[in-house]
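Protein chains: 2
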Amino acid sequence: MIGPVRVVGTGLLGTSIGLGLRARGIEVILADASPTNLSIAIDYGAGRAALTGDRPQLIVVCVPPDVTAEIVARELESFPDAIVTDVASVKLAPLAELRARGADVSRYIGSHPLAGRERGGPLAGRADLFLGRPWVVAAHDGISYQQATAIDDLILDLGATLVEMSPEDHDRSVALVSHVPQVVSTLMARRLTDAPAASLNLAGQGLRDVTRVAASDPELWVQILGANAAPVREILVAYRDDLDRFIEALAEPAAPGARRRVAEELAGGNAGVSRLPGKHGHDRRFVSLTVMVDDTPGQIARLLNEIGALGVNVEDLRLEHSPGAELGLAEISVLPEAVTRLTEELAARGWRIAG
Amino acid sequence: MIGPVRVVGTGLLGTSIGLGLRARGIEVILADASPTNLSIAIDYGAGRAALTGDRPQLIVVCVPPDVTAEIVARELESFPDAIVTDVASVKLAPLAELRARGADVSRYIGSHPLAGRERGGPLAGRADLFLGRPWVVAAHDGISYQQATAIDDLILDLGATLVEMSPEDHDRSVALVSHVPQVVSTLMARRLTDAPAASLNLAGQGLRDVTRVAASDPELWVQILGANAAPVREILVAYRDDLDRFIEALAEPAAPGARRRVAEELAGGNAGVSRLPGKHGHDRRFVSLTVMVDDTPGQIARLLNEIGALGVNVEDLRLEHSPGAELGLAEISVLPEAVTRLTEELAARGWRIAG
Chain A
1 MIGPVRVVGT GLLGTSIGLG LRARGIEVIL ADASPTNLSI AIDYGAGRAA LTGDRPQLIV
61 VCVPPDVTAE IVARELESFP DAIVTDVASV KLAPLAELRA RGADVSRYIG SHPLAGRERG
121 GPLAGRADLF LGRPWVVAAH DGISYQQATA IDDLILDLGA TLVEMSPEDH DRSVALVSHV
181 PQVVSTLMAR RLTDAPAASL NLAGQGLRDV TRVAASDPEL WVQILGANAA PVREILVAYR
241 DDLDRFIEAL AEPAAPGARR RVAEELAGGN AGVSRLPGKH GHDRRFVSLT VMVDDTPGQI
301 ARLLNEIGAL GVNVEDLRLE HSPGAELGLA EISVLPEAVT RLTEELAARG WRIAG
Chain B
1 MIGPVRVVGT GLLGTSIGLG LRARGIEVIL ADASPTNLSI AIDYGAGRAA LTGDRPQLIV
61 VCVPPDVTAE IVARELESFP DAIVTDVASV KLAPLAELRA RGADVSRYIG SHPLAGRERG
121 GPLAGRADLF LGRPWVVAAH DGISYQQATA IDDLILDLGA TLVEMSPEDH DRSVALVSHV
181 PQVVSTLMAR RLTDAPAASL NLAGQGLRDV TRVAASDPEL WVQILGANAA PVREILVAYR
241 DDLDRFIEAL AEPAAPGARR RVAEELAGGN AGVSRLPGKH GHDRRFVSLT VMVDDTPGQI
301 ARLLNEIGAL GVNVEDLRLE HSPGAELGLA EISVLPEAVT RLTEELAARG WRIAG
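Keeping their order, the protein sequence lines are chains A and B.
Oh and the first sequence: position 353 is 353 in UniProt numbering, straight run, nothing missing.
Oh and the second sequence: position 69 is 69 in UniProt numbering, straight run, nothing missing.
Chain A with its partners taken away, still in its complex shape (with noise of 0.2 Å):
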């Protein structure tokens, strides 16, 4: 177990840290710039505030990227016995500008989980937020991340998953799978700005998903962008290439070999995503079932009640509610052991269960 954590920054990331971190009986100290963000991270039970003479092992920087190399040379300063980390999504970035700003980068180990939500602040922390989630330590030439055993136990704390990479390794990997997803999700989302309402109450699963990540923070992106442009532009550019020919064989469709070109593309996506590990991204921990509601008020209390009754939790719960229908969906999720039983029992009080 590791000594007092200092978390800078409480934040969507900062805030789920030290909620993790309490949660395991780790002392955990708080700052922030804002007093508003600070006070209701503490009052939301993830620390307590800093105070004169405080020794933290560990720091933890939590804030944008632009600043993060700033506060980072301010932490290993102020705190000169301190192993110092960081949070953000690039990792050579902040590095050079340590090392331009002349700081003591023999005590800074850069780190990234690869965790987050589309909601930011303190109220969307999580204790479990890097549950199961890689995070990856970009150990430099300075240190590496056996020196820095403070970083191993906070992330063993806090459930997730030790990934060693290069800060080049990792960049060019987060382009992938993360900054150029993000740019390719915000440009389909710019095509509905202008579109018909019409057009858009058609729009499925399938839009909703591809443009979720699209309602990001654009500040914060602009940042990430901006600090690992030249890899996110080496893909785009490739993404671009397989563009152009998918434009030029819907130029003329029936045209030979316009299909077999559409369709290797196709193939090649199919191929694609099947390399993705773990088919589905939903908490593994809880199975989930739909049972449908009345759209009469006082319907889902009245479910809530019955399955409270019947001696099971409901882990989470989430109300679809289609515009037009006569019915909602309540999604709930409950352990693995339960759901068999809660099925049957909620169909024998003629509750509708809908898979």
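Everything labelled a hint here was simulated from the structure, so no lab data went into it.
Some hints here could point you the wrong way.
Here are some of the chain B residues that sit facing chain A, going by a computed Cβ distance under 7 Å [stated by the list, open to error]:
id: 1; residue: Leu51
id: 2; residue: Thr52
id: 3; residue: Arg117
id: 4; residue: Gly120
id: 5; residue: Leu123
id: 6; residue: Leu176
id: 7; residue: Pro181
id: 8; residue: Leu187
id: 9; residue: Thr211
id: 10; residue: Arg212
id: 11; residue: Trp221
id: 12; residue: Leu225
id: 13; residue: Leu236
id: 14; residue: Gln299
id: 15; residue: Ile300
The beta carbon of each residue, even a glycine, is placed where N, CA and C say it ideally should be.
Use these hints to put chain B onto chain A, whose structure you have.
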């Protein structure tokens, strides 16, 4: 209620239509070129085999787009009293081909249920597949949907929402909300085919969402994209223009104006995705408030009971449950006119409102 319905093609859509109609007690006659698929669909409860002398009132052709017109023409000829519809994802191409074949289009009215799953085949069929989903009826000059009341009944019986649209508007709309997202997703997934496994291990929900539809059946999509090539191509060209600007801005991310251009694209993406109706947390018809709830059984039910007692209908509810935190967050969507009173009344009853 409609009379006997003949469903031709017992894949996902045909079987789901059969199951949904059977659940309403409507007689369903099934036909399929594949005896295997047909017998699976019959065993599954989607309907009965065709008999000599069947007099269906309505025929629903659920075959791949490439052969839709051929089968519709055959059905129009075989059953001279029946109204014939189809469910293909494109509407202009089949109509043009039917006219070219000299078919009696005064009894044909194209339609398209906006529903589907990644999995195909009769065993993927679900009686509730169309529940709350839009179902476009694309009347042509020779027929209005009021002439074809059986189609109205079909759509209502399956719980879908009837949307009237010209074949042209339909094809342009689905190019935007379905066909272009398919291409965008496919091209992103293509980039994964030769990526290092270590990079793919960092993939999160964002990449999974963007590439989910890339797993769709290439054969079906070659047909769809070929049949709707012009509108799809037009949108892809506009998409490529934006992509070009993005790539240019990333070539010199520190150049004057580069950041602003990237920020504008990202904000445009925000604006586009916010226009999607019925999206969780973004539904413009409702506003949401977040209530903190203790992590004890029965709290949500108590909250919903009190909201119900206030006469307020919960349109949508999402429960955030963070194992490490002492609190859950219930995000409740209500009609805008109810939110002020509800916030006050809940606060007066001791609930903590988070925002």
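Structure-based check of each hint:
1. Leu51: Cβ of Leu51(B) sits 32 Å from chain A, so the hint is violated.
2. Thr52: violated, 37 Å
3. Arg117: Arg117(B) check fails; min Cβ-Cβ to chain A is 9 Å, beyond 7 Å.
4. Gly120: This hint is violated: Gly120(B) lies away from chain A, its Cβ roughly 13 Å from the closest one there, beyond 7 Å.
5. Leu123: violated, 13 Å
6. Leu176: holds, 6 Å
7. Pro181: At 4 Å from the nearest chain A Cβ, Pro181(B) passes the 7 Å test, so the hint holds.
8. Leu187: holds, 5 Å
9. Thr211: At about 5 Å, which falls below the 7 Å cut-off, the nearest Cβ of chain A leaves the hint on Thr211(B) intact, so it holds.
10. Arg212: Constraint on Arg212(B) satisfied, holds at 5 Å.
11. Trp221: At about 5 Å, which falls below the 7 Å cut-off, the nearest Cβ of chain A leaves the hint on Trp221(B) intact, so it holds.
12. Leu225: Holds. Min distance 6 Å.
13. Leu236: Holds, because the Cβ-Cβ distance from Leu236(B) to chain A comes to roughly 5 Å (cut-off 7 Å).
14. Gln299: At about 10 Å, which exceeds the 7 Å cut-off, the nearest Cβ of chain A leaves the hint on Gln299(B) violated.
15. Ile300: holds, 6 Å
Checked against the numbered hints above, the structure violates hints 1, 2, 3, 4, 5, 14; every other hint is satisfied.
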